[in-house]
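Novice: Each chain, written out:
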Amino acid sequence: MTDDVLLQAFVYLCAGVVFVPVAKRIGLGAVLGYLLAGVTIGPWGLGLVGTEGHEVMHFAELGIVMMLFLVGLELRPALLWGLRRPILGLGGLQVGTTALALAAAALVLGLGWKPSLAVGLILATSSTAIVLSSLAERSLLETRGGRASFSVLLFQDVSVIPILAVFPLLAATPEAAAGGGGGRSAWLSALLLFGAVAIVVLAGRFVVRPVFRFLARVRLRESFTAFALLLVVGIALLMQQVGLSPALGTFLAGVVLADSEYRHELQGDVEPFKGLLLGLFFISVGAQVDFGRIVDAPATIAGIVAGTMALKVGVLYALGAGFGLDRPARWLFALALPQIGEFAFVLVSFAERSRVFGAEIASPLVAAVAISMLLTPLLFVALERWVLPAVTEVEPEREADEIPVSDAPVVIAGHGRFGQIVGRILRANRIATTVLDLDPEIVDALGRIGIKVHYGDASRLELLHAAGCERARLFVLAIDEPAEAVEIARQVRTHFPHVPIVARARDRVHYRELRRVGVTEVHRELFAASYEAGIAALRALGYRAHTAHRLARRWRDHEERDLHELMELWGTDRDTFFARSRLAIEEAERLMSEADAGLRGERDAGWDNETLRDDATPDAAARGGAEPAG
Amino acid sequence: MAGRRVLILLAHPVFERSRVNRRLFEAVRDLDRVTVHDLYEVYPTLAIDVRREQRLLVEHDVVVFQHPFYWYSVPSILKEWQDLVLEHGWAYGAGGTRLCGKISFHAISTGAPASAYRRDGYNRFTVRELLVPCEQTAHLCGMRFLAPFVVHAALRLGSADELAPHQAAYRRVIEAVRDGRLDLDRAAAAANLNDELEALLAPREVA
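Order-wise, the sequence lines are chains X and E. Numbering follows our numbering, with no gaps: position 380 of the first sequence is 380. Numbering follows our numbering, with no gaps: position 116 of the second sequence is 116.
Rather than coming from a laboratory, the hints here were simulated on the basis of the structure. From a predicted model like this one, the values you see are computed outputs, not experimental measurements. Treat the hints loosely; a few may be bogus.
[As the list claims (entries may be wrong)] Sample of chain E residues lacking proximity to chain X, with all beta carbon distances greater than 10 Å (derived):
hint, residue
1, G3
2, R4
3, V14
4, E16
5, R33
6, A94
7, A164
[Said to hold, decoys possible] Taking beta-carbon pairs under 7 Å as the criterion, some of the chain E residues facing chain X (in silico):
hint, residue
8, P13
9, F15
10, T45
The beta-carbon is built from N, C-alpha and C at its ideal position, and this holds for glycine as well.
Just need the whole structure built from these sequences, with the hints factored in.
Specialist: Below, the structure is given as structure tokens:
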């Protein structure tokens with residue numbers, strides 16, 4: 001590793017650390033923060049990064065790939081199938097209508113029909129990276145408008161492939177047509193393409209799961225993370241080889257793995273890398289805005305940006321209305337997607353190489369793309385501050401639509417003998433649970449009988465996020481490792497303070513530790529069973545069932561009072577604690593030994609007729625004898 | 001009509017310390033076609049199995065509630081039993097005809113002597129009057145409600161000798177209602193089943 005790389009890393013990380021929190025704090029969103037950071041360190045700002053920005057950006061595109069992998073993980077195949085209408089209908093119409101309208105505008109401005117069509121297709125795409133992160137950042141992804149936007153973005157990602165295929169045909173001179181095709185015949189390309197998709201689907205189904213299971217059994221967290229990254233990078237590489245979009249390939253892999261029990265662990269593993277790389281991508285976009293070109297032809301570039309975005313907003317709004325989105329969803333849809341996407345950078349350079357058009361068109365286009373991307377976070381701010389409040393009617397039924405579809409309301413960590421009972425009681429009452437367990441045997445067995453379990457270590461914050469702790473109404477902490485349980489309890493208390501915890505404790509000491517970190521519902525793991533056995537013992541000795549229960553209950557109340565009293569002293573001063581413990585034992589013994597009081601002899605005075613015996617004479621009754629009778 | 005099946009629902013929270021109820025219980029437990037059901041023993045946490053209780057009711061023709069007369073009423077488990085088992089649409093109300101035509105009465109021990117259960121006694125009402133909520137409950141379920149079998153001044157009865165006559169009387173009442181030898185009309189109208197037992201026993205019941 002050279003000093004240069006370290007220096008670069010230092011500059012990028014600094015920019016991210018300084019700008020992003022500030023941008024978020026003043027309500028501009030993280031994406032704009034990254035972009036501004038890029039502008040600042042770029043050649044036109046402080047000049048800390050120069051031409052190598054291109055390479056960084058290329059590397060950072062892996063962030064987009066990872067993001068789509070994660071999006072895929074969220075979308076089970078059934079859900080994706082349910083979205084087929086918006087994907088094909090909305091997406092197809094958006095790309096088609098926008099491309100044709102923009103091509104017509106270019107034609108009017110005096111370009112030939114071939115370059116015009118290419119320009120239209122390039123400008124029709126939107127930025128998956130910016131839009132999805134902005135929507136996710138504001139929890140808008142699960143709303144109707146968010147889903148419509150996602151559908152369109154998905155269609156655009158797919159449509160990049162045919163667009164790339166068409167460009168050589170649009171070349172000004174025929175001999176350039178071979179430039180981008182790579183020399184393969186159309187048949188072979190198609191065959192490779194389908195082969196690659198089949199590999200991804202089949203591997204996801206039959207290879208990835210056994211490997212995960214094996215790694216899970218070995219219990220090596222690093223190898224798990226490494227395999228998750230390997231999966232993403234490998235698929236991206238494979239897709240690049242056959243000329244498919246890597247993002248699309250990993251998206252597909254994500255969908256295939258969405259049903260798998262390792263989904264949450266995968267999310268937890270990939271998420272931090274995605275966040276960092278995506279940030280890097282946005283920074284490099286910011287750094288590449290070529291202000292020189294803007295200064296050269298400000299009117300042209302402003303015209304391209306304004307015209308394109310206005311036209312796209314119009315088309316999107318009309319399509320939203322046509323597809324039955326309500327007003328807030330329609331505005332969200334229209335204002336989320338009008339920018340020109342990162343694929344445009346790829347398409348412009350590809351078009352230039354294929355000689356569809358020359359630098360005189362390519363340069364202003366690249367500048368326009370970058371500026372439109374810079375404007376997007378601002379549009380989101382406007383949307384959130386002014387547009388949505390203005391168009392959202394205060395109508396409870398409508399709002400219910402906009403609330404994200406919540407996952408299971410209960411997260412259970414540990415599904416062994418303890419968590420299993422809790423989970424079964426909940427599920428018997430139709431309360432959905434998300435189960436996390438580290439034992440591949442349990443994960444496997446439960447998966448087989450149709451219960452949703454996820455392999456994963458609940459002490460990892462990312463996994464808690466992925467399991468939906470934000471939206472959970474209860475966290476059941478049922479793992480059997482005491483120290484780890486305390487750690488998880490602390491994590492949940494700190495990061496999800498609104499989620500109540502029901503916890504399993506090994507013994508009194510563990511009970512106290514869990515109470516110390518703020519868990520109020522703590523249950524000693526063997527207590528209930530031992531308690532029941534105690535009752536059975538009394539009954540076996542001839543006690544009546546009801547009496548045995550009452551005696552056990554009375555003992556239990558006494559025991560718990562003791563436990564709480566001692567807890568107050570725990571950790572303060574050992575001498576006091578042990579002195580008090582001795583006292584408690586003595587007290588219990590005294591209660592047991594006394595003839596007529598205490599735990600054993602205590603009477604239920606209301607049922608007791610001994611004291612009434614003397615009263616029960618006619619003359620005593622006149623003084624007001626009460627009723628209970630034997 | 002002969003050959004009724006009798007269900008005795010026993011409710012005593014500290015049965016092991018009981019004097020009267022335990023002896024009464026022992027007097028009838030061996031009878032044929034009599035089922036003795038010890039509620040506190042079967043449901044120690046008061047979690048009553050409603051379907052099981054309803055099945056038992058359907059299988060019997062006479063229901064006897066045997067219990068101490070706590071605060072002029074039934075012990076808490078029996079109240080719980082009434083609240084849960086006598087369901088609307090099953091025991092009463094539209095379609096609630098499953099108990100129609102059955103016979104029920106209470107077998108009670110009281111702390112106070114008989115003289116306390118009079119206008120001028122310190123309990124001011126008769127046992128029969130105090131049982132009105134139970135009587136109305138039976139009535140609403142279409143059951144024939146008979147006078148109670150009462151053992152008064154239970155606290156002063158200690159020895160086996162003192163209790164023997166009560167045991168014998170209880171056994172005769174249960175046998176009579178089981179075999180159709182109890183005059184139901186007179187038993188329904190009486191103040192209790194103990195005082196005029198001989199008069200209530202018909203050689204052959206007139207239904």
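Novice: Evaluate each hint against the coordinates.
Specialist: Structure-based check of all given hints:
The claim that G3/E lies off the interface holds: its Cβ sits roughly 33 Å from the closest Cβ of chain X, which is beyond the 10 Å cut-off. Distance check on R4/E: its Cβ is at least 28 Å (rounded) from any Cβ of chain X, clearing the 10 Å threshold; non-interface status holds. Distance check for V14/E against chain X: the nearest CB is about 5 Å away, which does not clear 10 Å, and the non-interface claim fails. Taking the minimum C-beta to C-beta distance to chain X, about 6 Å, the non-interface status of E16/E is violated against the 10 Å cut.
At roughly 26 Å from the closest C-beta of chain X, the C-beta of R33/E stays outside 10 Å, upholding its exclusion from the interface. Once the 10 Å rule is applied to beta carbons, A94/E is consistent with being away from chain X; the minimum gap is 30 Å. Chain X leaves A164/E outside its interface by the beta-carbon criterion, the shortest separation being 17 Å against a cut-off of 10 Å. Evaluation of the P13/E hint against chain X yields a held restraint, the C-beta minimum of about 6 Å falling below 7 Å.
Given the 7 Å rule on beta carbons, the hint for F15/E holds: about 6 Å separates it from the nearest Cβ of chain X. Interface restraint check for T45/E: the shortest CB-CB distance to chain X comes to about 6 Å, inside 7 Å, so the restraint holds.
Violated hints, listed in ascending order, are 3, 4; each of the other numbered hints is respected by the structure.
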